[in-house]
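Trainee: Based on the provided sequences and hints, a complete structural model is requested.
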Amino acid sequence: MTGWLLLAVSKETLRQWMMEAGIWVLRRERKKRVFQPRGRRDCFGELIQIDGSPGTDKKSIVLPILSTAR
-15 MTGWLLLAVS KETLRQWMME AGIWVLRRER KKRVFQPRGR RDCFGELIQI DGSPGTDKKS
45 IVLPILSTAR
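Quick note on numbering: our numbering labels position 32 of the sequence shown as 16, and the sequence is numbered without any gaps.
Any given hint might turn out to be false.
Per label pair, the in silico range of CB-to-CB distance [to be verified]:
no. : residue 1 : residue 2 : range
1   : F19       : S(-6)     : 28 to 36 Å
2   : K15       : K(-5)     : 22 to 30 Å
3   : D26       : L(-10)    : 56 to 64 Å
4   : G(-13)    : E30       : 50 to 58 Å
5   : G(-13)    : F28       : 56 to 64 Å
6   : L10       : L(-10)    : 25 to 33 Å
7   : V9        : I34       : 19 to 27 Å
8   : G29       : M2        : 33 to 41 Å
9   : K15       : V(-7)     : 23 to 31 Å
10  : I7        : G(-13)    : 39 to 47 Å
11  : I34       : L10       : 36 to 44 Å
12  : G(-13)    : L10       : 29 to 37 Å
Since the hints were made in silico from the structure, they are not lab data.
The structure presented is a predicted model; accordingly, all values stated were derived computationally and were not measured.
All residues carry an ideal CB built from backbone N, CA and C; glycine is no exception.
Mentor: Here is the structure:
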């Protein structure tokens, strides 16, 4: 593609075009997302999050720990 075509259309016009093309799915027809329930913790503040991201020198791993305790 050699260039871009800038076209300003309203949200409703775009929605109508997508409906004609069969791309737009109505909210009531979308598949409902199912979430996994999480059991209650034994103690307040017990839930923590750990992220193992590689460090900047690629030899170490940074482990930040976030606690939900107040």
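Trainee: Which constraints among the numbered hints does this structure fail? Numbers only, ascending.
Mentor: 7, 8 and 10
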